[in-house]
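Peer 1: Those protein sequence lines, which keep their order, are chains A and B. To convert, note that position 216 of the first sequence is 215 in numbering that gives the first Met the number 0; the numbers rise steadily by one, no gaps. To convert, note that position 44 of the second sequence is 43 in numbering that gives the first Met the number 0; the numbers rise steadily by one, no gaps.
Just so you know, the hints here were simulated from the structure itself, not pulled from any lab data. Just so it is clear, the structure is predicted and the values come from calculations on it, not from any experiment. For glycine and all other residues, C-beta sits at the position ideal for the given N, C-alpha and C. Please note that a few of the clues may not be correct.
Here are the simulated PhoX-like cross-link-like pairs (lysine-lysine), alpha carbons at most 20 Å apart as the crow flies [to be verified]:
1. A/Lys46 / B/Lys426
2. B/Lys28 / A/Lys225
3. B/Lys282 / B/Lys28
4. A/Lys225 / A/Lys46
5. A/Lys66 / A/Lys225
6. A/Lys684 / A/Lys696
Part of the chain B face toward chain A, derived, beta carbon under 7 Å [said to hold, decoys possible]:
7. Leu6
8. Phe8
9. Ala9
10. Ala405
11. Ile447
12. Ala518
13. Arg521
14. Asp523
15. Ser528
16. Leu559
17. Leu561
Heads up, incomplete: computed chain B residues facing chain A, CB under 10 Å, no partners named [to be verified]:
18. Ile15
19. Ile19
20. Leu22
21. Ile191
22. Val217
23. Pro219
24. Gly220
25. Met408
26. Glu424
27. Phe458
28. Gly461
29. Leu469
30. Phe555
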Amino acid sequence: MTSTPTLSPGDTKAQRVRSSSSLLNGPILRRATLESFVKLNPRHLMKNPVMFVVEVGSVLTTVLFFKDFGSSTTAENVFAGLVAVFLWFTVLFANFAEAVAEGRGKAQADTLRKTRAETMANRRNADGSVEQVPGNQLDVGDEVVVVAGEVIPSDGDVVVGIASIDESAITGESAPVIREAGGDRSAVTGGTRVLSDEIVVRITARPGETFIDRMIALVEGSERQKTPNEIALNILLAGLTIIFLLATVSLQPFAIYAHAEQSVIVLVALLVCLIPTTIGGLLSAIGIAGMDRLVRRNVLAMSGRAVEAAGDVNTLLLDKTGTITFGARQAAEFRPAPAVDEAELASAALQSSLADETPEGRSIVELAAERYGLVAEEIVGATLVPFTAQTRMSGFDVDGTSIRKGAADSVRAWVEAGGGTVPVALMDEVGAVAALGGTPLVVATKDATGTARALGVIYLKDTVKPGIAERFAELRTMGIRTVMVTGDNPITAGVIAQEAGVDDFIAEATPEEKMAYIRREQAGSRLVAMTGDGTNDAPALAQADVGVAMNTGTQAAKEAGNMVDLDSDPTKLIDIVEIGKQLLITRGALTTFSIANDVAKYFAIVPAMFLGVFPQLDRINIMSLSTPRSAILSAVIFNALIIVLLIPLALRGVKFVPSSAAELLRRNILLYGVGGIIAPFIGIKVIDLILTALGVK
Amino acid sequence: MTVAAWLQFAVLVLLIGVSIPLLGGYMAKVFGEEQKAPGDRFFLPIERAVYRVCRVDPEREQRWTVYAFSVLAFSLVGVLVLYVMQRVQTVLPLNPTHAPKVPEALSWNTAVSFVTNTNWQSYFPETTVSHFTQMAGLAVQNFVSPAVGLAVAIALIRGLTRRRAATIGNFWVDLTRSIVRIFLPLAIVGAIVFLAFGVVQNFHGFEVIRTLEGRTQVIPGGPSASQEIIKMLGTNGGGFWNANSAHPLSNPSGLSNIVQIYLLSVIGFSLTWTYGKMVGDKKQGFVLLAVMVIIWVTVAGLGTLFELNGNPKVAALGVDQSVTAAQPGGNYEGKEIRFGTPASALFAGATTGTSTGAVDSMHDSYTPLGGMMPLIHMKFGEVSPGGVGSGLSGILVLALLSVFIAGLMVGRTPEYLGKKIQATEVKLVVLYTIAMPFAVLVGTGIAIVTPSVLHVSIFNPGPHGFTEVLYAFTSAANNNGSAFAGITANTQFMNIALGFAMLIGRFVLIVPTLAIAGALARKDRVPASAGTFPTNTPLFAGLLLGVTVIVAGLTFFPALALGPIVEQLGI
């Protein structure tokens with residue numbers, strides 16, 4: 000695991016970079032409007048049974064309008080014309096919703112295409128010679144030389160050299176990153192630019208299958224396939240359409256028996272109002288928008304299926320470092336040996352760390368400055384003693400005196416070699432720090448006489464990120480277990496796990512153990528999500544139901560996962576789960592709303608249809624709609640307009656508050672179920688009032 | 000309502016309430032996954048004998064396809080045997096009334112009717128079928144058709160409880176056990192109780208007697224008590240006599256009337272307990288029970304209320320229709336004096352919530368809204384509590400539908416009892432949900448413009464005649480069998496059309512139910528967590544109730560508006 004730059008959960012860098020284009024800007028709207036007409040093509044609409052029925056109805060009413068135009072009264076013509084127009088609007092609005100949802104992705108794809116603009120590559124042949132070939136002719140295994148200022152022609156691994164690279168074309172992040180041969184930081188992406196040095200890259204992607212190609216396909220939605228829940232929902236909607244088709248078609252013989260035969264226009268109007276056009280019209284927009292929400296967070300999901308699975312996840316495997324704790328340990332406390340002044344220990348610790356550029360070293364300097372007001376001053380003439388794996392100490396020598404800091408047993412040996420003793424109390428402190436999951440560093444000095452003395456212990460602590468415990472608590476209310484994965488020993492891991500509030504932890508984790516844990520969870524029918532970046536994470540990433548690979552990671556990891564986080568922020572896994580849930584909730588909410596709407600439409604249309612023969616039916620005209628024609632028209636217009644009104648909700652997703660399923664259900668049933676029954680009564684009444692005011696009778 | 004009416008209702012509630020845990024728990028043991036069940040020492044040898052004769056290996060379980068095939072094959076044989084028996088009853092024994100051979104279309108209708116647990120009767124039993132046909136044909140189906148429904152429901156429960164299983168039980172075993180351990184013992188005890196009430200049981204034909212007034216009266220005879228018990232217990236409803244449970248030799252008193260309501264409801268309600276036991280969470284069963292009870296009480300309650308209110312036209316004439324100790328009050332047309340209005344409306348509500356369809360009063364004579372309540376009760380899909388087995392299956396399918404519609408709103412793939420509800424299940428649920436409305440709406444739609452129906456069947460043109468036809472197809476497609484009456488159903492067209500409606504209402508529901516059982520059995524169970532959609536709470540009961548009412552309401556509102564609603568508003 001490489002430590003990654005950390006972001007607090009609330010960080011919005013991703014949004015800042017990508018949402019520069021607002022939800023609905025001019026060009027997207029223009030393009031979407033045009034697209035809504037293109038999408039009228041029946042071959043496209045066939046995929047959506049509900050809207051296809053509406054289109055057939057629109058054609059039918061339009062034909063009847065023209066056919067009967069001469070033989071009908073003005074009022075009849077106005078009615079038939081308006082019904083036909085609003086049926087067409089119903090289809091167009093649904094198309095528009097889909098087009099708007101696709102719009103942003105298409106705009107983004109255009110930008111990406113520009114970065115992919117043909118580059119020339121310096122291919123290194125087997126004999127060592129270099130020749131210029133177009134970047135799109137490179138194949139797997141080719142090696143290319145890229146020098147500073149050039150664009151990397153395709154995806155690959157650095158095999159020679161080290162370079163700083165500008166990846167802003169993909170991640171939107173302007174700070175350059177380092178890529179070097181070997182290890183877990185060797186992957187480079189086509190379309191990014193080398194800023195310094197020279198590297199040799201071995202190509203790993205076939206032409207047309209590079210990361211940018213895939214990214215374009217994804218954001219554009221060209222490879223979009225229906226997700227399992229979407230398919231199931233479509234079946235339900237088709238079923239409801241059939242039921243309402245039965246109800247409408249059978250109504251005609253009933254009407255004939257009652258001597259109140261209905262016109263086809265009225266029957267079509269009734270059918271379109273009853274079938275679930277609201278959800279049918281917005282379903283694909285919801286799915287596309289859900290993917291887009293991920294893209295705006297700089298997460299690329301390789302399939303919609305993965306996004307849905309994220310909503311279903313039961314267990315999150317989170318790497319301790321970078322996700323739960325800050326990347327490095329930080330000095331938390333100075334614990335002096337008996338008879339040693341704490342300030343003296345702090346001072347020595349500070350001096351020993353002046354040359355220490357590691358995050359741990361800097362945190363010691365910061366703690367000394369903060370706690371004791373000590374200022375780091377350069378010591379003239381000091382000989383720095385760097386840390387080595389053999390000595391496991393660092394420090395400096397100056398004018399015959401020395402200061403050392405390091406692992407307890409190494410420093411102890413150094414002190415004892417210098418004729419000193421390490422007090423038992425100090426060794427107890429060392430044990431105590433270790434028991435807390437911290438890292439104890441012992442500080443010792445040797446004066447000019449050569450006598451060594453142990454000063455005390457620096458308590459280096461793994462610091463849990465602020466706010467992370469609350470997020471885990473939220474996840475728990477949603478029924479999601481969090482599992483911390485760490486290479487630490489069980490004691491250390493246990494302390495951090497408790498502090499962070501995770502439900503379980505895997506200590507001294509190996510890739511095999513991680514894999515075994517995932518398999519165990521899956522055997523219990525639980526879905527697992529994880530992040531990873533190293534090549535040894537690849538099998539686990541592939542096994543997990545949701546595997547988020549860090550963009551800084553290796554090609555193997557990126558291939559294995561079903562999502563890539565361009566910001567390489569493992570905390571984002573939690574956001575991904577929430578986006579997945581929000582997507583499903585939005586679908587469910589609009590389905591419920593759509594069905595609940597039908598109650599009011601019946602009360603508008605059915606009395607209107609038979610008022611002529613059965614005047615007593617006016618008593619179930621509970622909205623007191625003015626005339627039969629205005630009643631039917633109001634229902635049809637409401638049915639069309641509600642799609643437009645709900646487009647923002649479909650694109651944004653319903654408000655998601657992390658809470659238990661019971662709580663979510665209560666809230667959403669009230670809002671979209673009960674609300675869905677009431678809203679159209681008001682809407683239809685208002686439209687009827689307006690129509691009457693406009694003189695439609 | 001009078002004190003007597005409240006008392007009758009209280010007795011009924013008490014009887015059912017006490018029976019639910021007893022009978023429900025017993026059935027859970029009969030069909031549970033454990034090897035032992037109460038009464039094994041007595042019942043096992045009988046079952047083993049049956050298995051030996053029928054060459055059934057009770058240890059061998061079936062996949063859903065084989066299970067469904069067994070149901071269909073068994074039912075097909077049932078239809079054929081019944082059909083032939085009616086056609087040749089003249090040469091068979093026990094025909095003291097010399098009933099002639101039954102015509103083709105009517106034989107088809109009756110055969111299908113009894114095999115599908117509908118027991119719609121287009122004929123006068125007294126003059127149409129022999130004692131032999133009643134006993135060896137119709138009564139046999141009265142036992143086996145509810146057993147088929149029960150077996151299917153149990154298979155569905157197994158689908159929900161089993162994990163990664165290929166099989167859902169053995170149809171022949173489930174069928175045998177439900178007859179040997181549930182229907183036969185209860186029917187034997189119940190028949191004796193009925194004898195005590197005064198229900199007749201003999202092999203006589205018609206007896207002509209001289210009444211006290213000096214007139215002559217024809218009294219029919221026959222093995223009534225033994226049929227009456229299974230007619231109610233098995234939610235069959237096909238009367239031994241044409242007047243059905245209004246006949247004094249079939250349902251002699253107010254007490255026998257309450258016992259009949261109890262018998263037709265008890266297994267349906269108790270199955271929710273069985274379900275709770277078998278899935279290991281009693282609350283799951285309570286939720287279903289609560290929904291059933293709410294619908295049942297509302298429909299029966301409103302029906303009673305509408306009937307007690309009487310007819311506004313009669314009230315306009317200055318006639319007092321109030322219920323007092325001195326007069327029964329309400330709309331009394333077509334009701335038996337010995338039952339009174341409340342008990343009659345209660346019977347109507349109960350019989351249409353199950354697939355029984357026995358009647359003790361003429362629904363056609365109810366006020367339009369009073370008559371609409373039994374009609375609506377069937378249109379909910381008969382889930383309150385429904386026919387034996389079929390009611391539980393129906394409400395479980397509605398639960399799956401509710402879970403799918405609203406389940407997405409918790410942000411997970413919808414689950415029921417830890418089983419994910421995905422495309423396959425939704426497809427089957429949709430098929431199940433469409434079948435009944437298809438049969439009702441298409442059937443009524445064709446019938447209502449068919450000349451023979453308009454000129455021969457309907458005596459009451461206008462909305463009332465429409466309601467009668469709508470009721471007939473609703474009753475057939477829901478396998479209820481109760482008749483609104485008032486139309487001539489014994490025509491070529493109606494006999495054939497209603498026969499198809501019954502077949503669709505039975506088997507186009509059973510096959511998807513078993514397919515759902517098979518699909519769910521194969522799945523693993525996702526362990527419950529705080530993120531799981533809770534299906535054992537009052538909230539879910541409310542949701543299930545809402546979905547049940549809205550789905551039926553949206554499907555049938557136009558038809559109801561043109562029938563009873565417009566008729567009531569026109570009074």
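Peer 1: Given the proposed pairing of A/Lys225 with A/Lys46, does the C-alpha separation stay at or below 20 Å?
Peer 2: It holds: about 10 Å lies between the C-alpha atoms, which stays within 20 Å.
Peer 1: Verify the interface restraint on B/Val217: the C-beta must sit less than 10 Å from at least one C-beta of chain A.
Peer 2: Where the cut-off is 10 Å and the nearest Cβ of chain A is about 39 Å from B/Val217, the hint is violated.
Peer 1: Does the interface hint hold: is B/Leu561 within less than 7 Å of chain A, judged Cβ to Cβ?
Peer 2: holds, 5 Å
Peer 1: Decide if the proposed pair is consistent with the structure: A/Lys46 and B/Lys426, CA atoms, cutoff 20 Å inclusive.
Peer 2: holds, 17 Å
Peer 1: So, B/Leu22 near chain A? Judge it on the closest CB pair being under 10 Å.
Peer 2: Result: violated, 32 Å to nearest chain A Cβ.
Peer 1: Does B/Asp523 pass the interface check with chain A, least Cβ-Cβ distance below 7 Å?
Peer 2: With Cβ-Cβ at 4 Å, under 7 Å, it holds.
Peer 1: Once the shortest beta carbon distance from B/Ser528 to chain A is found, is it less than 7 Å?
Peer 2: Holds - the Cβ of B/Ser528 comes within 7 Å of chain A, reaching about 3 Å at its closest.
Peer 1: Taking 10 Å as the limit, does the beta-carbon of B/Ile191 come near enough to a beta-carbon in chain A?
Peer 2: Violated, because the Cβ-Cβ distance from B/Ile191 to chain A comes to roughly 47 Å (cut-off 10 Å).
Peer 1: Holds or violated: is the Cβ of B/Pro219 closer than 10 Å to a Cβ in chain A?
Peer 2: violated, 38 Å
Peer 1: Would the hint on B/Leu469 stand, with a C-beta cut-off of 10 Å toward chain A?
Peer 2: holds, 8 Å
Peer 1: For the restraint on B/Phe8, tell me whether the closest CB of chain A is nearer than 7 Å.
Peer 2: violated, 31 Å
Peer 1: Given B/Ala9 was flagged as interface, is its beta-carbon under 7 Å from a beta-carbon of chain A?
Peer 2: violated, 34 Å
Hint compliance for this structure: hints 2, 5, 7, 8, 9, 12, 13, 16, 18, 19, 20, 21, 22, 23, 24, 27 are broken, all remaining hints hold.
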